[in-house]
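> What follows is each chain in one-letter form.
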Amino acid sequence: MPPKRNQGLKAPGILGLAAGGIVIAGMAAAALLPHLTAAAATSIGGPFALIDGAGQAVTDKTYLGRWKLIYFGYTHCPDACPTTLSDIGAALDKLTPTERKNLSVLFITVDPERDTPKVIGDYAKAFGQEFIGLTGTQAALAPVEQSFRVYAQKHALKGGDYAMDHSSIIYVMAPDGHFVGLLDDGLSPVEMAQRLMQMGRESKGRKSFF
Amino acid sequence: MLRTAILMGLMASPALAQSPVTVSGAWARATAPGQTTGAVYMSLTSPRDDALTGIASPQADMAMLHKTVHEGHMTDMEDMDALQLPAGKKVTLAPHGMHVMLMGLKSPLKAGETVSLDLNFLNSGTEHITVPVEPLGASGPPG
Chain X
2 MPPKRNQGLK APGILGLAAG GIVIAGMAAA ALLPHLTAAA ATSIGGPFAL
52 IDGAGQAVTD KTYLGRWKLI YFGYTHCPDA CPTTLSDIGA ALDKLTPTER
102 KNLSVLFITV DPERDTPKVI GDYAKAFGQE FIGLTGTQAA LAPVEQSFRV
152 YAQKHALKGG DYAMDHSSII YVMAPDGHFV GLLDDGLSPV EMAQRLMQMG
202 RESKGRKSFF
Chain Z
351 MLRTAILMGL MASPALAQSP VTVSGAWARA TAPGQTTGAV YMSLTSPRDD
401 ALTGIASPQA DMAMLHKTVH EGHMTDMEDM DALQLPAGKK VTLAPHGMHV
451 MLMGLKSPLK AGETVSLDLN FLNSGTEHIT VPVEPLGASG PPG
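In order, the protein sequence lines correspond to chains X and Z. If you count by the working numbering, then the first sequence holds residues 2 to 211, one letter each, in order. If you count by the working numbering, then the second sequence holds residues 351 to 493, one letter each, in order.
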């Protein structure tokens, strides 16, 4: 069973609020995820150990040094996932090649039962060269979903098939692995590109590709 | 009066009278490798109160009307039994909202190809449409 929505969030101490930029990112994130406080939102993300499309074991360390857009979904998703991934692809098209060079889009499945490494890998690649599909066992995915406050739940469809209800939001992570902010999946590609460039400018002191 | 108008329409243009619902801007997004579900989007305008009650496609095991519902930042898919079409009102199925979900695609949807759909209406019988498949990165109908 996929994990339920994480409701046991604890706000870290006041020290966690020290860095101004992080607080702003946290507040923006809190506005998008109403069940999170600004402080809790700054602790989004964490270590993971998953499998990529080539069947290789990867961890969060694999992508250190790169900006990351992380989106959770599944390949049987007819509307929300391909629409969001298409919009991300179109947003990346608005960046310069230099800006894109140091960026990866991680599409992490919430449906490991059907999304084998090859399935999720081939699927993600179709949206662009920056797109990487990741899967794993339910046991490997559960802590990742938890650290990103992702909700995922199986939902039976007519005819015996199933869909996944899931959080649909794009996480932006800095090259050092820190959470920078969220992109609403309803943003247009132009708005997404603008927000990305803004986040790049705001994350002073971090390796930035913008 | 209305009945007379419909009757006259029927005599003048049988096809139109049988299928008075106008379908515009229909498109499907190409599927990514391994993706066995697809989505079709379109706008429907009926000259009289009607409802879209069923969809079938020879290219999929099942076609059904779905709605992606956003609550906060959760996305759920809801089955819709019928889509109400109030007279004269354009009802639009678009990404991140209502869509025709194609389940169990018999072959991938490729850009440049088409999808055949039969739309069953409560008051207007069945209308056959052919929908263009747009590239994977598309977010709207062609043009």
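Incorrect hints may appear among the rest.
Once the Cα atoms are required to be at most 30 Å apart in a straight line, the calculated DSSO-like pairs of lysine-lysine come out as [stated by the list, open to error]:
no., chain 1, residue 1, chain 2, residue 2
1, X, Lys95, X, Lys126
2, X, Lys126, X, Lys102
3, Z, Lys456, Z, Lys439
4, X, Lys95, Z, Lys439
5, Z, Lys439, X, Lys159
6, X, Lys119, Z, Lys439
7, X, Lys126, Z, Lys460
8, Z, Lys439, X, Lys155
9, Z, Lys439, X, Lys126
10, X, Lys159, Z, Lys460
11, X, Lys126, Z, Lys417
12, Z, Lys440, X, Lys155
13, X, Lys62, Z, Lys440
14, Z, Lys440, X, Lys102
15, Z, Lys440, X, Lys119
16, X, Lys62, X, Lys126
17, X, Lys126, X, Lys155
18, Z, Lys456, X, Lys126
Simulated restraints, written as ranges between beta carbons of each label pair [what the hints assert, rightly or not]:
no., chain 1, residue 1, chain 2, residue 2, range
19, Z, Asp411, X, Gln154, 21 to 29 Å
20, X, Gln195, Z, Val419, 22 to 30 Å
21, X, Gly56, Z, Pro485, 42 to 50 Å
22, X, Gln57, Z, Gln434, 16 to 24 Å
Partial pick of chain Z residues on the chain X-facing surface, computed with a CB cut under 8 Å [claimed, not checked]:
no., residue
23, Pro383
24, Gly384
25, Ile405
26, His423
27, Leu433
28, Lys456
29, Glu463
Worth flagging that the hints you see were computed from the coordinates, not collected in a lab. Backbone N, C-alpha and C fix where the C-beta goes; we use that ideal spot for every residue, glycine too.
> The structure should be examined with respect to each hint, and the outcome stated for every one.
Results for each hint:
1. X/Lys95 - X/Lys126: It holds: about 19 Å lies between the C-alpha atoms, which stays within 30 Å.
2. X/Lys126 - X/Lys102: holds (16 Å)
3. Z/Lys456 - Z/Lys439: Not satisfied, since the Cα-Cα distance of roughly 34 Å exceeds 30 Å.
4. X/Lys95 - Z/Lys439: violated (36 Å)
5. Z/Lys439 - X/Lys159: holds (29 Å)
6. X/Lys119 - Z/Lys439: violated (45 Å)
7. X/Lys126 - Z/Lys460: holds (16 Å)
8. Z/Lys439 - X/Lys155: violated (35 Å)
9. Z/Lys439 - X/Lys126: violated (40 Å)
10. X/Lys159 - Z/Lys460: Measuring from Cα to Cα gives roughly 26 Å; hence the hint holds.
11. X/Lys126 - Z/Lys417: Status holds; Cα separation ~27 Å.
12. Z/Lys440 - X/Lys155: With Cα atoms ~33 Å apart, Z/Lys440 and X/Lys155 exceed 30 Å; violated.
13. X/Lys62 - Z/Lys440: violated (50 Å)
14. Z/Lys440 - X/Lys102: With Cα atoms ~43 Å apart, Z/Lys440 and X/Lys102 exceed 30 Å; violated.
15. Z/Lys440 - X/Lys119: violated (41 Å)
16. X/Lys62 - X/Lys126: Satisfied, since the Cα-Cα distance of roughly 21 Å is no more than 30 Å.
17. X/Lys126 - X/Lys155: holds (25 Å)
18. Z/Lys456 - X/Lys126: With a Cα-Cα distance of about 22 Å, the restraint between Z/Lys456 and X/Lys126 holds, given a limit of 30 Å.
19. Z/Asp411 - X/Gln154: 21 to 29 Å: Distance hint for Z/Asp411, X/Gln154 holds at roughly 24 Å.
20. X/Gln195 - Z/Val419: 22 to 30 Å: holds (27 Å)
21. X/Gly56 - Z/Pro485: 42 to 50 Å: Given range 42 to 50 Å: violated, Cβ gap about 28 Å.
22. X/Gln57 - Z/Gln434: 16 to 24 Å: Hint violated: Cβ distance 50 Å, outside 16 to 24 Å.
23. Pro383: Because about 4 Å separates Z/Pro383 from the closest Cβ in chain X, which is inside the 8 Å limit, the hint holds.
24. Gly384: holds (4 Å)
25. Ile405: With Cβ-Cβ at 12 Å, over 8 Å, it is violated.
26. His423: Result: holds, 4 Å to nearest chain X Cβ.
27. Leu433: violated (15 Å)
28. Lys456: violated (15 Å)
29. Glu463: Hint on Z/Glu463: violated, closest Cβ of chain X at ~16 Å, above 8 Å.
In the structure shown, a violation is registered for the earlier hints numbered 3, 4, 6, 8, 9, 12, 13, 14, 15, 21, 22, 25, 27, 28 and 29, in ascending order.
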